[in-house]
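Peer 1: Listed here are the chains, written in short residue letters.
Protein chains: 2
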Amino acid sequence: MERTTYCGLVNESYLEKEVVLKGWVQKRRDLGNLIFIDLRDREGIVQLVFSQEIGEQALHVAEELRTEFVVEIKGKVRSRKDDAINPKMKTGKVEVEVHEINVLNKAKTTPFYIEDDINVSDDLRLKYRYLDLRRPEMQNALIIRSKITQAVHRYLDDNKFINIETPYLTRSTPEGARDYLVPSRVYPGHFYALPQSPQLFKQLLMGAGFDRYYQVARCFRDEDLRGDRQPEFTQIDLEVSFMTAKEIQTMTEGLLKAVMKMALNVEIKTPIKRITWNEAMDRFGSDKPDIRFGMELKDMAAAVAKMGFKVFDQTLENGGQVKAIVVPGGTEKYSRKQIEAKQEYIKRFGAKGLAWVKVTSEGFSGPIAKFFDEEHVTTVKEIAGAKVGDLILFVADTRKVVADSLGYLRVAFAKELNIIDENEFAFVWVVDWPLFEYSEEFHRYIAAHHPFTMPNEEDVELLETEPHKAHAQSYDIVLNGYELGGGSIRIHQRDIQEKMFKALGFTKESAEKQFGWFMDALDFGFPPHGGLALGLDRFAMLLAKKDNIREVIAFPKNSKASEPLTNAPSKVATKQLDELGLEIEETN
Amino acid sequence: MERTTYCGLVNESYLEKEVVLKGWVQKRRDLGNLIFIDLRDREGIVQLVFSQEIGEQALHVAEELRTEFVVEIKGKVRSRKDDAINPKMKTGKVEVEVHEINVLNKAKTTPFYIEDDINVSDDLRLKYRYLDLRRPEMQNALIIRSKITQAVHRYLDDNKFINIETPYLTRSTPEGARDYLVPSRVYPGHFYALPQSPQLFKQLLMGAGFDRYYQVARCFRDEDLRGDRQPEFTQIDLEVSFMTAKEIQTMTEGLLKAVMKMALNVEIKTPIKRITWNEAMDRFGSDKPDIRFGMELKDMAAAVAKMGFKVFDQTLENGGQVKAIVVPGGTEKYSRKQIEAKQEYIKRFGAKGLAWVKVTSEGFSGPIAKFFDEEHVTTVKEIAGAKVGDLILFVADTRKVVADSLGYLRVAFAKELNIIDENEFAFVWVVDWPLFEYSEEFHRYIAAHHPFTMPNEEDVELLETEPHKAHAQSYDIVLNGYELGGGSIRIHQRDIQEKMFKALGFTKESAEKQFGWFMDALDFGFPPHGGLALGLDRFAMLLAKKDNIREVIAFPKNSKASEPLTNAPSKVATKQLDELGLEIEETN
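In order, the protein sequence lines correspond to chains A and B.
If you're matching positions, the first sequence starts at 42 in this note's numbering and goes up one per residue.
If you're matching positions, the second sequence starts at 42 in this note's numbering and goes up one per residue.
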């Protein structure tokens, strides 16, 4: 039998027609001489009817069916009776009278039901991933992911990008995150590394004159895992020659527009808003601001200066900041105890405390209300944009601590109060990043993006004097408070690249040893170029409205980087290690 | 300046218009007060003109330009004088009067010229791959490759396939070729393996109900390298549920049609011819026959039986074959010495000798001519389809040796005689393969495709009795004598899969240990399914008319699996090995 359509697509246009369907038994209702089967495939569910009158042999087969059996059926589509119409189902107005059925495969009882909102452990879901993926929400998530890549290919192909694959067996570079290594058999004691990104290869492709490159590329980082990290992840990676940062952003906006249309049928407005990194930190306390809601950070220095509240006064005297956010309607919703509980969360950012007042019709209330006289109350309310019933939260500290703390609280309160429109997709560019950031881990400045990022033209000379003051021709694209991707104009001249490595603490020799092969390439007519990479996993996660990238990856690793289905990683035969010239260290 | 078009696209439609171009200096002709520059980008070359009259400042800049400098120019397009028209160039009727030019980057002298047909070592080309790739033939090869993937995505997306990524960090399976291993840091002494293909994962996706899957997937095999093998290669991988082998082939033909159209603007005819594996071996002596030309193998048993030539007689008595091919016009083109030299080549297939006759107007000539009487001559000429001036080559041996030897000679002579139409693309399906083949290496039968291939329905019971006689529901797609890809209907029932493992020499325990996790999946309602994989590298190689897949891979490994540009694989820091719990074996 050749299938004529999918179960989920049977509708009134098929009335009185014969259809052949193939799928899985979702459930069976046996009324003796009448049996109803819900048959499921990737497009949805349709109701099958079996009876003596329709077909005796088919009825007998239906009697033996159990959940998840695979069957093919031939039958006629008919209208349901009015009282049997199910408005919740796409196919709810019709059903199929089955006169022929074949069981294609049987099924044992599955360890969990094939339905949405199951409540089983992640590891059980991963061990039986092939069953987990049968659930409509997982099918939908992977279909959205597929539509994203579909739009990406189509848009970039149409815009003269060339899809070029870069190597996965490449050279280890100790800079950055930890590499996954691959021992070489031909050269014992030597290793390939799996790429953390195709960065240098895509730059070389610009050196090779391809002008516009893209790739949907797997990347690998052997990092300690966090909620939304996986050992392997996928990047929509592109690079172009002879374009400015602004032009690359505009091109990317076209891509985002195409993706949103294809994946969700959502129209987004372009141009997408651009704000500088400084502005993002000042207004939202975050370099990946969620701009779906207000509650912006307001500078209170002018309003609270010399008010007599020591914490504020001293912070300002020491060159620090006092800033505030307003929690709308927070007066009633939060008790003193609940507010103070939030204080704990911001300690990790180095905040020493959280000051707050409730706005009442009489002025302010709360522990520090007494410091505010009538004029202070008026000015604070005005600058903060607060009204009666609101809660105002203050943090007084260095710029960074203030931003991190209030940036965190802004999102946390907004989520609790449900003031974020979950159906909105708010993109924003964050541009003009610092070129370097201070690494607490390495006690030195490291590249904020990577060492190949071009400084702003006017900042090139800072590389040799005050590199940490330099800003970069770099840009991140942010969606709903998540960094969706980022990019930059790259360095295409050897002398600037050498200065960059020097500013990063490389000696001439160590830079040459590690990146000499790349800097040599810059000597042979390298064009100005730049690019961008978008995180496909995160993009899919946001569009599928999931909270973990595992939910949009077919076979992800669990939180301990293992894969419960195939049981990878695993021990291997001694012969395999011998061929690689490797020994496993004895552990005591 | 914003580029208005590519150099290679400037034509008469731009006459008298201003253009902005960006590219590389291909060459400079300096006539003093008149300078011509050939400017190159990925689309081609256009001639620039500089003079005092057009622009003095631009002329001065042009004086300093050297090969491979990167420039941007603004200028006006004008017709060339009649005697200056270059019909070999796409842009040969026009040139650009440059009134503004900026040097974007300088270039040192390149180690080889940026032009086609260079004569330098492969390793030098790979070390400066970014320069090698600037050459038009390399640009063209990678653009063809990109167009193939473009067509693949478009066709499969349009046909409801879902693009799903499968893991690259997975479990090692000792079956098949050698795995690349990736040591785990979280579980010291344990290893991931890079996949040799997504085979089991794509089958699981059918178990998960995705119905139609595809992926352009990187695959990894740590094999000893041969001409057209690379440690990593790319597969166009697809799998579908509920379709027959024939339906999958028809679907694939649509894909091939789309690819040929997009990549080369070539229309191919469908349906593509199907021949069985037996027929391919009998007629062409090859399971990947080049059907662009005839010279088929003819069975000579009837014609030469009991002729008195011992080699033929004994072979036939022992159940062997005597077959022949005809080399058209071979009488004059090949001397006895040249023919006998060919004999050396077929010894590797186990052939003991090559018998031959030249067809003259008097009958046959050559060492064994005397064995043929008039009747033999007539019958042989008739069966072989030979005429005066042709050379007939005989091999007498087992079926396999005869096929391998004559199959080889057929192609070798056809190439030498230039009788193959190099502009033809001849696809053919080879179907109904044996399920097993005897491995000289392992001294046992191994799976001809892989252990998940479904036997022909009528051969399922042979699995338990005479497995080597079973044929499979498998199919290869062959292009111009190369295996472009292959696939099969897979086993979807546990009992058949168990029998298959048993026939391959697995014990119940060893099968369970290695593939238990997969066989468990077959218990939960696995649909009938099948699929196919096409080798992208080889496909691109054939369409770009190259003779090595390295020519269609941006950054390939050399013949010793190393990469001369980045110098991978390389030694790594002891710290990296310590974290993995690994030691390198001392070599004596």
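These are computed hints drawn from the structure, not numbers from a lab.
In this text, all values refer to a predicted model and were calculated from it rather than measured experimentally.
Check the hints yourself; a few may be wrong.
Partial list, derived from the structure: chain A residues whose beta carbon lies under 8 angstroms from chain B [unchecked claim]: (1) G230; (2) A299; (3) E381.
Simulated pairs of lysine-lysine, BS3-like, Cα-Cα distance not exceeding 25 angstroms [claimed, not checked]: (4) B:K554 to A:K131; (5) B:K428 to A:K612; (6) B:K149 to A:K540; (7) B:K147 to A:K554; (8) A:K147 to B:K543; (9) A:K347 to A:K378; (10) A:K149 to A:K134; (11) A:K543 to B:K287; (12) B:K616 to A:K201; (13) A:K549 to B:K456; (14) B:K201 to B:K287; (15) A:K131 to A:K543; (16) B:K168 to A:K58; (17) A:K201 to B:K587; (18) B:K543 to A:K149; (19) B:K201 to A:K302; (20) B:K147 to A:K540; (21) A:K147 to A:K58; (22) B:K554 to A:K149; (23) B:K201 to B:K351; (24) B:K456 to B:K329; (25) A:K554 to B:K586; (26) B:K351 to B:K287; (27) B:K378 to A:K616; (28) A:K117 to A:K58.
Here a beta-carbon is modelled for each residue, glycine too, at the ideal position from N, C-alpha and C.
Peer 1: Are the hints correct? Go through all of them and say.
Peer 2: Verification of the supplied hints:
1. G230: holds, 4 angstroms
2. A299: At 13 angstroms from the nearest chain B Cβ, A299 of chain A fails the 8 angstroms test, so the hint is violated.
3. E381: With a closest approach of 38 angstroms, the E381 of chain A hint is violated.
4. B:K554 to A:K131: It is violated: about 44 angstroms lies between the C-alpha atoms, which goes past 25 angstroms.
5. B:K428 to A:K612: violated, 65 angstroms
6. B:K149 to A:K540: Holds, at about 20 angstroms.
7. B:K147 to A:K554: holds, 24 angstroms
8. A:K147 to B:K543: Holds. K147 of chain A to K543 of chain B sits at ~22 angstroms (cutoff 25 angstroms).
9. A:K347 to A:K378: The given pair, whose Cα atoms are some 28 angstroms apart, is violated under the 25 angstroms limit.
10. A:K149 to A:K134: violated, 31 angstroms
11. A:K543 to B:K287: With Cα atoms ~63 angstroms apart, K543 of chain A and K287 of chain B exceed 25 angstroms; violated.
12. B:K616 to A:K201: violated, 44 angstroms
13. A:K549 to B:K456: Roughly 55 angstroms between the alpha carbons, so the hint for K549 of chain A and K456 of chain B is violated.
14. B:K201 to B:K287: Satisfied, since the Cα-Cα distance of roughly 19 angstroms is no more than 25 angstroms.
15. A:K131 to A:K543: violated, 63 angstroms
16. B:K168 to A:K58: violated, 65 angstroms
17. A:K201 to B:K587: holds, 24 angstroms
18. B:K543 to A:K149: holds, 23 angstroms
19. B:K201 to A:K302: holds, 17 angstroms
20. B:K147 to A:K540: It holds: about 18 angstroms lies between the C-alpha atoms, which stays within 25 angstroms.
21. A:K147 to A:K58: violated, 28 angstroms
22. B:K554 to A:K149: holds, 21 angstroms
23. B:K201 to B:K351: violated, 62 angstroms
24. B:K456 to B:K329: holds, 16 angstroms
25. A:K554 to B:K586: With a Cα-Cα distance of about 38 angstroms, the restraint between K554 of chain A and K586 of chain B is violated, given a limit of 25 angstroms.
26. B:K351 to B:K287: The hint is violated at about 46 angstroms.
27. B:K378 to A:K616: The hint is violated at about 48 angstroms.
28. A:K117 to A:K58: Within the cut-off at roughly 5 angstroms; holds.
Going down the numbered hints, you'll see the structure goes against 2, 3, 4, 5, 9, 10, 11, 12, 13, 15, 16, 21, 23, 25, 26 and 27, while the others check out.
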